[in-house]
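From first to last, the protein sequence lines stand for chains A, B, C and D.
Just so you know, our numbering puts 454 at position 124 of the first sequence, and the rest follows in order with no gaps.
Just so you know, our numbering puts 383 at position 53 of the second sequence, and the rest follows in order with no gaps.
Just so you know, our numbering puts 528 at position 198 of the third sequence, and the rest follows in order with no gaps.
Just so you know, our numbering puts 582 at position 252 of the fourth sequence, and the rest follows in order with no gaps.
Any given hint could turn out to be false.
No distinction is drawn between identical chains; accordingly, a pair holds when it is met within one copy or between any pair of copies.
Claimed, not checked - Calculated pairs, DMTMM-like style, for lysine to aspartate or glutamate (alpha carbon to alpha carbon, straight line, at most 20 Å):
{"no.": "1", "residue 1": "K653", "residue 2": "E589"}
{"no.": "2", "residue 1": "K529", "residue 2": "D368"}
{"no.": "3", "residue 1": "K491", "residue 2": "E581"}
{"no.": "4", "residue 1": "K349", "residue 2": "E389"}
{"no.": "5", "residue 1": "K392", "residue 2": "E639"}
{"no.": "6", "residue 1": "K475", "residue 2": "D689"}
{"no.": "7", "residue 1": "K427", "residue 2": "D374"}
{"no.": "8", "residue 1": "K586", "residue 2": "D532"}
{"no.": "9", "residue 1": "K427", "residue 2": "D644"}
{"no.": "10", "residue 1": "K543", "residue 2": "D621"}
{"no.": "11", "residue 1": "K349", "residue 2": "E394"}
{"no.": "12", "residue 1": "K586", "residue 2": "D637"}
{"no.": "13", "residue 1": "K392", "residue 2": "D621"}
{"no.": "14", "residue 1": "K349", "residue 2": "E363"}
{"no.": "15", "residue 1": "K529", "residue 2": "E589"}
{"no.": "16", "residue 1": "K684", "residue 2": "E639"}
{"no.": "17", "residue 1": "K349", "residue 2": "D391"}
{"no.": "18", "residue 1": "K586", "residue 2": "E639"}
{"no.": "19", "residue 1": "K491", "residue 2": "E389"}
{"no.": "20", "residue 1": "K388", "residue 2": "D374"}
{"no.": "21", "residue 1": "K427", "residue 2": "E401"}
{"no.": "22", "residue 1": "K388", "residue 2": "D642"}
{"no.": "23", "residue 1": "K529", "residue 2": "E416"}
{"no.": "24", "residue 1": "K388", "residue 2": "D525"}
{"no.": "25", "residue 1": "K475", "residue 2": "E416"}
{"no.": "26", "residue 1": "K543", "residue 2": "D495"}
It should be emphasised that the hints constitute simulated quantities derived from the structure, not laboratory data.
4 protein chains.
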Amino acid sequence: MNTLGQIFKITTFGESHGKAIGVTIDGCPAGLELSETDIQNELDRRRPGQSKITTQRKEADKVEIFSGVFEGMTTGTPISMVIFNEDQRSKDYSHIKDQFRPSHADYTYHVKYGVRDYRGGGRSSARETAARVAAGAVAKQLLAKAGISFQAYVSEVGNIKVDDDYSKLDFSQIEQNIVRCPDAQKADQMVELIDNIRKNRDTIGGIVSCVIKGVPAGLGEPIFDRLHAELGKAMLSINAVKGFEYGSGFEGTKMKGSEHNDAFYQDLAGNIRTATNHSGGIQGGISNGEDIYFKVAFKPVATIMIDQESVDADGNTAIVTGKGRHDPCVVPRAVPIVEAMAALVIADHWLRSKVNRLDQLI
Amino acid sequence: MNTLGQIFKITTFGESHGKAIGVTIDGCPAGLELSETDIQNELDRRRPGQSKITTQRKEADKVEIFSGVFEGMTTGTPISMVIFNEDQRSKDYSHIKDQFRPSHADYTYHVKYGVRDYRGGGRSSARETAARVAAGAVAKQLLAKAGISFQAYVSEVGNIKVDDDYSKLDFSQIEQNIVRCPDAQKADQMVELIDNIRKNRDTIGGIVSCVIKGVPAGLGEPIFDRLHAELGKAMLSINAVKGFEYGSGFEGTKMKGSEHNDAFYQDLAGNIRTATNHSGGIQGGISNGEDIYFKVAFKPVATIMIDQESVDADGNTAIVTGKGRHDPCVVPRAVPIVEAMAALVIADHWLRSKVNRLDQLI
Amino acid sequence: MNTLGQIFKITTFGESHGKAIGVTIDGCPAGLELSETDIQNELDRRRPGQSKITTQRKEADKVEIFSGVFEGMTTGTPISMVIFNEDQRSKDYSHIKDQFRPSHADYTYHVKYGVRDYRGGGRSSARETAARVAAGAVAKQLLAKAGISFQAYVSEVGNIKVDDDYSKLDFSQIEQNIVRCPDAQKADQMVELIDNIRKNRDTIGGIVSCVIKGVPAGLGEPIFDRLHAELGKAMLSINAVKGFEYGSGFEGTKMKGSEHNDAFYQDLAGNIRTATNHSGGIQGGISNGEDIYFKVAFKPVATIMIDQESVDADGNTAIVTGKGRHDPCVVPRAVPIVEAMAALVIADHWLRSKVNRLDQLI
Amino acid sequence: MNTLGQIFKITTFGESHGKAIGVTIDGCPAGLELSETDIQNELDRRRPGQSKITTQRKEADKVEIFSGVFEGMTTGTPISMVIFNEDQRSKDYSHIKDQFRPSHADYTYHVKYGVRDYRGGGRSSARETAARVAAGAVAKQLLAKAGISFQAYVSEVGNIKVDDDYSKLDFSQIEQNIVRCPDAQKADQMVELIDNIRKNRDTIGGIVSCVIKGVPAGLGEPIFDRLHAELGKAMLSINAVKGFEYGSGFEGTKMKGSEHNDAFYQDLAGNIRTATNHSGGIQGGISNGEDIYFKVAFKPVATIMIDQESVDADGNTAIVTGKGRHDPCVVPRAVPIVEAMAALVIADHWLRSKVNRLDQLI
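For reference, chain A alone in the conformation it holds in the complex:
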């Protein structure tokens, strides 16, 4: 339900306009240095009001650690982190109390639960992802100790697209532009596109790509909890995501086996490597030591500033008017969320991989 993971396990809570949102991490090993600043840095990459192409809401999203850290060190007990809500213009939402916004979760929550906190989308608000980013920051900090790092970036906005071969991109550019794109020229085009969309009171979709480096071979479980299946589920659980692919992805379906197969070889250091990486770093659901690579498709944000036809809870026709302060394109702020979710999955499987072999246990 609101829990993810088997060993490194997170549970989130909170509504957009309630008292607070938060997350409890259960299963983080003891002895990891951790401070609120480590987490705040990641939250600042996600928070609203960063630039002209994101929502203008001003939320500080200041995190507080309630438990699980003592004298700057994790203790192995649950790490609970809370972000109090502020700058809530709940009245912006009174008009949708009895209306179902198109392609939002208003209607489905209404049917499922009978009651709902309609303010700002309540639990279905993307605000909930702040809790994930906080938890992901802990996972990242943990995995850094194992030499594992995460880099997501915006690879497509509308029809503007960077090179599919990420070795040709300059990752140092990513945090240098407000759209988080590793191609400076494409970044400018994307910003311009999003800004135009915004002026037209509309929204646009995009794609976030992610590269994970340093994952040792052996992570992921056979059958249902394959590493890419768990990554896929985690990504698909982010608001507005419509698709996931890894390695060669959908394009790979058009290839022949003789083209698609990744030949093994031994490198000069004696490591077994693959010559190509159509597998995206995962074979049979288990990491093979190559870079893990995947893409996540985000639909255009459902909240637009244009009037739309809809119905109310009684089935009467209603006009939904766009109000509030929203993102014209979600992908720039989705970059840290994708990284966070990836880190949570990898942290869980990194720990799970530690109990696979008797010869490594005694």
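Position chains B, C and D relative to chain A; hints supplied.
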């Protein structure tokens, strides 16, 4: 690990060339009529040797129910089903005992576990999916009582593709051709392509689409266990799958919000419906009563009949020779697997949805 | 780990002297009226400083609901509740920073985690049970709607013991005396005993009994999650508990089958009942509609005001001096905790029982 | 439901008179030597027909490994084990098709599921424990590699009782007598008592004690999954169990803190030990390196050969006649079951303890 589901829960076991494969279903409600024939029918759609474009292995895949059914009725206790292995040409695999086949799981299992049953890929063999189809048959039988039905089909093989608008397809055609395509003309082209690929000792990928009808609004859980996230994970857990998308999918990222949003209206029967279905039947992770629609990308089968360069466990260069009897394209036999996995996810969430509202519990 | 339950699921967090303790409930049905007052009432039964025979610490244990309740009604989303810590005399604990208090968790946490928050026992403090009582209050409120009620009481302190046949006890007395005993005379003796023990700077153990009324037949799962096994685990998870028995319990082992078996009969209302209740309301792990009855054994509190020999982290001999404000006997304050844990287990199984039969689902 | 454990996880299936019973172990580390003989040895300790004081049913209980073992070694994939049913005198049970045997699960299964396999008690039969013993044999084999061993024994039958201080008992006697008692003289008395009870067509209860040696400090999880809570649940899940206590248990409630506390000291080898072991090897829910010690109370077997009053499904009075071949006292055969359940819990927590500390992971 080898378990899927929260309430309707399955656990599979078995290696390709071991004594048997099987599955235990825990959580199927009592009082469902069930026979081995019900399950065998689905298994027959998946089994090898069906046609010239599938592997020529001859396995009867005969299922036996070991428990959980009494006098033709489920009793609420675990339903265990077993398929004994036969026609195992284990010697076909002795050559790969110490070799890693490219883009197979040989290497990753070797690193993860230290030991592995190399015969036929052992646990990583797609043979394991027979157990899923058996379990899925039970889920289908259960959901049929609730008016929910599943129809998957081959929508793409290589570059041959049917209409994206499934309302224009003739689903009655699907089981009429050996490729399981709802467009008879495209089916012929696909069969020809696959047959050519086979003659060239190569393989090709493809896409399976799936439509689920009759799902009531309210299935799926907020946050991590969103219905499409669970479907995505289930699909990505099938051998050879590289991507998943639902509703508008990756194409939807190029749309504007004003184009993508699905307007609500009330139909003549008083039901709240959407005018379009870019949402693919799921909003905020919860079903909205429209058809659920998604696509699954399958890579070309990794086993080809062409020699390939690789390494052995010691890192020495080795030539992997294609032997055995394999599928030139996996999608025709993947159709019942996709349906089975979808049925397992929907069955679980159908049961989970029964405990959401106090007014429906007392 | 820090999570209990399958459908009605709770996760707790927090250390005795950290910023706060709390709990997140996931899976509470929507539509239940709930206020902070409902929860506070139960917390007040558990909080320190109630009487001369409990610890003199003064903690208000004021609960705040952070999420999951909107306009006085649960919404089906996670209910997060937080109690901020106060009146922490952390300096009372500086002397045990490097010492292991006998029969406390200091040593085992030290070995397990390497680091620990030693103040007030950190996570191992019984203070953590406040979070359980808060969650249990919600479970009780839910189950009251189904006519299920919980009554625990102190049945033994040291060698003072009430009648084993609870039909002979006056439950209205329980909250009338500070030891929570349903026999006023025995209550006086218990208070006197505890007060003497306290004056001697020592502690004493006791037994809490619990009766659950109104549980319908059919709750509990075959095999591992039998209702009494789940109740047993929940009770054994409370600090200081050393044993659990239900129905005839340990005494029942001395009986013959012909004496122990509970004969079925049909009562005047047409209900199937049992003439005796050695089964304690549970047969084959499943409730049979009779009262559920069990006992929980609490050891004497480990913190005594008498000097004790021990060792420090380096293995050197150390004298542990009793400091701080502690309970001379834990059972009076354990009564609401036992009820809370029972309510959490029953709530979970009440929901699980709703998906057992197809004829009740369609 | 039918699954136990978090990492070392088992799922059982099967009815007493169905085709087979069995178990799938998921999460056993790869590289453990394992054969059917290893498992059969444990099953032979549990099987019926061993002696004059057990049921005279003759079941070979021959186990077959279906998966997860390759060339005598576990591979990390699910280990599925099956025992085919035989010597089923199902007709012995036709008389109870519509009757509820007193203190059996007939009535509760009837209410919970609507349908049930009444033959031999179906799923509620103690026959199911054979699957647990098979799984426990694997857990024991695994833990033997870590130096952990299990010894259960019959400590009480009716009013005949061995010394509570197990250091005074001779464990080498346990398998030397048919009641599995470590006191030869008491064993004779127990056998005589059981034989008399049997002749009177009645049954009697008893207590099984268990000592686990070699468990390192640090196993068990804070809060809900305390090691003794998990052991308690596992024991309470065995058929006919009515109570569980560890260390000082119920008697400990009568002690003062100053008597009960276990003083720490450093032994000559430099290990931190406790002078007494009222804690039963577990403090704060976590093992402290001392022997783990607990007791399990078994009620008298419900099936007696004496006529009993009951009702049928329609509520009519019915006389239940004792038929079939049953145990007059369950404890001798329960000894290997208690050991098996203990081994399953310890195996799970042994693996869980491997991911607690960052300094042991990198």
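Against the structure, the hints come out as follows:
When the C-alpha separation of K653 and E589 is checked against a cutoff of 20 Å, the pair qualifies only between copies, where the shortest distance is 18 Å, while the shortest distance within a copy is 51 Å. Within a single copy, K529 and D368 get their C-alpha atoms no closer than 36 Å, and across copies no closer than 49 Å, so neither meets the 20 Å cut-off. In this homomeric assembly, K491 and E581 come within 20 Å of each other (Cα to Cα) both inside a single copy, at 15 Å, and across copies, at 13 Å. In this assembly of identical chains, K349 and E389 lie within 20 Å of each other by CA distance solely inside one copy; the values are 14 Å within and 23 Å between copies.
Proximity of K392 to E639 under the C-alpha cut-off of 20 Å is found in neither arrangement, the shortest distances being 37 Å within a copy and 46 Å between copies. Proximity of K475 and D689 under a CA criterion of 20 Å is satisfied inter-copy only: 10 Å between copies versus 23 Å inside one chain copy. Proximity of K427 to D374 under the C-alpha cut-off of 20 Å is found in neither arrangement, the shortest distances being 31 Å within a copy and 36 Å between copies. Within a single copy, K586 and D532 get their C-alpha atoms only as close as 41 Å, which misses the 20 Å cut-off; across copies the closest is 7 Å, which meets it.
Taking identical chains as interchangeable, the C-alpha atoms of K427 and D644 lie at most 20 Å apart only when both belong to the same chain, with a minimum of 12 Å there against 52 Å between chains. For a Cα distance limit of 20 Å, the shortest separation of K543 from D621 inside one copy, 5 Å, qualifies, whereas the shortest one across copies, 39 Å, does not. Taking CA atoms no more than 20 Å apart as the test, K349 paired with E394 passes in both settings, with 14 Å inside one copy and 9 Å between copies. Taking the closest pair of Cα atoms, K586 and D637 come within 20 Å of each other only across two copies (14 Å); inside a single copy the shortest separation is 48 Å, beyond that limit.
In this homomeric assembly, K392 and D621 never come within 20 Å of each other (Cα to Cα): the closest approach is 33 Å inside a single copy and 41 Å across copies. When the C-alpha separation of K349 and E363 is checked against a cutoff of 20 Å, the pair qualifies only between copies, where the shortest distance is 18 Å, while the shortest distance within a copy is 29 Å. In this assembly of identical chains, K529 and E589 lie within 20 Å of each other by CA distance solely across copies; the values are 16 Å between and 45 Å within a copy. With identical chains, the CA atoms of K684 and E639 are never at most 20 Å apart, being 54 Å at best within one copy and 31 Å at best between copies.
Taking identical chains as interchangeable, the C-alpha atoms of K349 and D391 lie at most 20 Å apart whether they share a chain (13 Å) or sit on different chains (19 Å). Within a single copy, K586 and E639 get their C-alpha atoms only as close as 47 Å, which misses the 20 Å cut-off; across copies the closest is 16 Å, which meets it. Taking identical chains as interchangeable, the C-alpha atoms of K491 and E389 are never at most 20 Å apart, the minima being 31 Å within one chain and 47 Å between chains. Taking the shortest alpha-carbon separations for K388 and D374, only the intra-copy value of 12 Å comes in at or below 20 Å, while the best inter-copy value is 39 Å.
When the C-alpha separation of K427 and E401 is checked against a cutoff of 20 Å, the pair qualifies only between copies, where the shortest distance is 13 Å, while the shortest distance within a copy is 46 Å. With identical chains, the CA atoms of K388 and D642 are never at most 20 Å apart, being 30 Å at best within one copy and 51 Å at best between copies. In this homomeric assembly, K529 and E416 never come within 20 Å of each other (Cα to Cα): the closest approach is 27 Å inside a single copy and 51 Å across copies. Only within a single protomer do K388 and D525 lie at most 20 Å apart by alpha-carbon distance; the minimum there is 19 Å, versus 58 Å between protomers.
In this assembly of identical chains, the alpha carbons of K475 and E416 never lie at most 20 Å apart, being 35 Å within a copy and 35 Å across copies at closest. In this assembly of identical chains, K543 and D495 lie within 20 Å of each other by CA distance solely inside one copy; the values are 15 Å within and 39 Å between copies.
Checked against the numbered hints listed earlier, the structure breaks hints 2, 5, 7, 13, 16, 19, 22, 23, 25; every other hint is satisfied.
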